[in-house]
Amino acid sequence: MREVNASEITDIVQRLSIENNIYLDKDVTDKITESAKKEDSPIGKQILEQILTNAKLAIEENRPMCQDTGIAVIFVELGQDVHISKGIFHEAINEGVRRGYTQGYLRKSVVEDPVFDRKNTKDNTPAIIHTEVIPGDKIKITVTSKGAGSENMSEIKMLKPADGIDGVKDFIVDRVKRSGGMPCPPIIVGVGIGGNFEQCAYLSKKALLRPLNTRNPDRRWDTVEKELLTRINQLGIGPMGLGGRTTALAVQILAMPCHIASLPVAVNLQCHAHRHKTAII
Amino acid sequence: MTEERILQAPLKNKDIEKLTCGDKVMLNGTIYTARDAAHKRLIQLLEDGKPLPFDIKDQIIYYVGPTPEKPGEVIGSAGPTTSNRMDPYTPRLLDAGLKGMIGKGQRSKEVIEAIVRNKSVYFAATGGASVLLAKSIKKLKIIAYEDLGTEAIREIYVENFPCIVAIDFKGRDLYENGPENYQIL
Numbered sequence: 000m001r002e003v004n005a006s007e008i009t010d011i012v013q014r015l016s017i018e019n020n021i022y023l024d025k026d027v028t029d030k031i032t033e034s035a036k037k038e039d040s041p042i043g044k045q046i047l048e049q050i051l052t053n054a055k056l057a058i059e060e061n062r063p064m065c066q067d068t069g070i071a072v073i074f075v076e077l078g079q080d081v082h083i084s085k086g087i088f089h090e091a092i093n094e095g096v097r098r099g100y101t102q103g104y105l106r107k108s109v110v111e112d113p114v115f116d117r118k119n120t121k122d123n124t125p126a127i128i129h130t131e132v133i134p135g136d137k138i139k140i141t142v143t144s145k146g147a148g149s150e151n152m153s154e155i156k157m158l159k160p161a162d163g164i165d166g167v168k169d170f171i172v173d174r175v176k177r178s179g180g181m182p183c184p185p186i187i188v189g190v191g192i193g194g195n196f197e198q199c200a201y202l203s204k205k206a207l208l209r210p211l212n213t214r215n216p217d218r219r220w221d222t223v224e225k226e227l228l229t230r231i232n233q234l235g236i237g238p239m240g241l242g243g244r245t246t247a248l249a250v251q252i253l254a255m256p257c258h259i260a261s262l263p264v265a266v267n268l269q270c271h272a273h274r275h276k277t278a279i280i
Numbered sequence: 000m001t002e003e004r005i006l007q008a009p010l011k012n013k014d015i016e017k018l019t020c021g022d023k024v025m026l027n028g029t030i031y032t033a034r035d036a037a038h039k040r041l042i043q044l045l046e047d048g049k050p051l052p053f054d055i056k057d058q059i060i061y062y063v064g065p066t067p068e069k070p071g072e073v074i075g076s077a078g079p080t081t082s083n084r085m086d087p088y089t090p091r092l093l094d095a096g097l098k099g100m101i102g103k104g105q106r107s108k109e110v111i112e113a114i115v116r117n118k119s120v121y122f123a124a125t126g127g128a129s130v131l132l133a134k135s136i137k138k139l140k141i142i143a144y145e146d147l148g149t150e151a152i153r154e155i156y157v158e159n160f161p162c163i164v165a166i167d168f169k170g171r172d173l174y175e176n177g178p179e180n181y182q183i184l
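Chains A and B supply the protein sequences, listed in that same order. If you're matching positions, the first sequence starts at 0 in numbering that gives the first Met the number 0 and goes up one per residue. If you're matching positions, the second sequence starts at 0 in numbering that gives the first Met the number 0 and goes up one per residue.
Source of the hints: derived by calculation from the structure; they are not laboratory data. Incorrect hints may have been included.
Said to hold, decoys possible - Below, computed lysine-lysine pairings styled on DSS-like, alpha-carbon distance capped at 27 Å: (1) A:Lys55 - B:Lys137; (2) B:Lys17 - B:Lys140; (3) B:Lys140 - A:Lys36; (4) A:Lys37 - A:Lys25; (5) A:Lys225 - A:Lys205; (6) B:Lys39 - A:Lys118; (7) B:Lys134 - A:Lys107; (8) A:Lys44 - B:Lys23; (9) B:Lys69 - B:Lys169; (10) A:Lys107 - B:Lys13; (11) A:Lys121 - B:Lys23; (12) A:Lys121 - B:Lys13; (13) B:Lys69 - A:Lys121; (14) B:Lys13 - A:Lys176; (15) A:Lys107 - B:Lys169; (16) A:Lys44 - B:Lys69; (17) A:Lys176 - B:Lys134.
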């Protein structure tokens, strides 16, 4: 059994919350650079270049790349041989978010209740925390900052098994089409397939964590991802929805077993400000 | 298409008439920020027959909720938010004299009709280019609803703020005809 101080978790979440919002990962800027070269639409090209310039300015000036610094969605892989001492796990994470969002001058975008007062909690807590228990004595923490523009364009659908792969593909493409410019294209399309209603939504978000320069380890899904990316970029939506060849940078799928009567599919859209950072304790 | 124009706020009809959807615009002058919560309050004032916290005639509203500014900064990061959440409120504001909006994403049929009815214009700015856009904002004053924090109404002065005419005064919509030009059937 390895002892880990709760304060270590807080420190890491604080640091990652801030870094996340300033430094856009190279796999994302590489894809945008590649797309800008190929973009036929003059407006589309200008938008992609603005996004790249903005990414540089954010680092130079130490400012968040986007004003929607998101709700903090945190993925934890908790080794079963770890004991967390001197604090409570979820509180330690939320304290890290609180400090990161306050000290990093990040926007506080969480309201206390979804319908009635919608009063801002003023420290961006509570975070959304997903924890998986894994073998070992390490804790892997991934902090993501998820903006609402793209999140609001996400959807889950319980297909019939008879809808098959064509039904799955059509639902994904249609979801992107109906979203137009609202999720801030170029987007990354996270897809969860299988599981059940809530597991499928979780998979679609987790699918976004895969680096953009990697392939799906399952060859069948790898082929589907490539086909979907082509179809989506043929929609013509383009950067910010104003027309062009670059609508999505990647389609990333995670699938898992499901009930004999079910075929759940979830699509979680991610804007080009694709922010996620990981650390291991 | 894609002419670059320098434009002064508040807007004049003769300037709006020169704009075509797809034009690149560098905007200068004083504009106002407002998003969901501020819109709700503005509409309530109109319904109650009370005056708005600023004279809306010929003005531009920028849909933005900036990050908190660090010491020495005029404003934090300040890119556009999704405009369609303001769609239920927008026709009312256009009918009250609002001339322009800056945001991102397509608008409803009702908003486009109100744009045509009132000879106004909708600009798109690049979502997520929030540091770049903040650099065009030179002055800032909170003029209403300070309690709303990031959603307070700010009067801002912009210089060469880059945006694109997304829906022009004739109702031509770049969110429709832009993708049509590039789709592969």
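What are the numbers of the hints that this structure violates, sorted from low to high?
-> 2, 3, 9, 10, 11, 12, 14, 15, 16, 17
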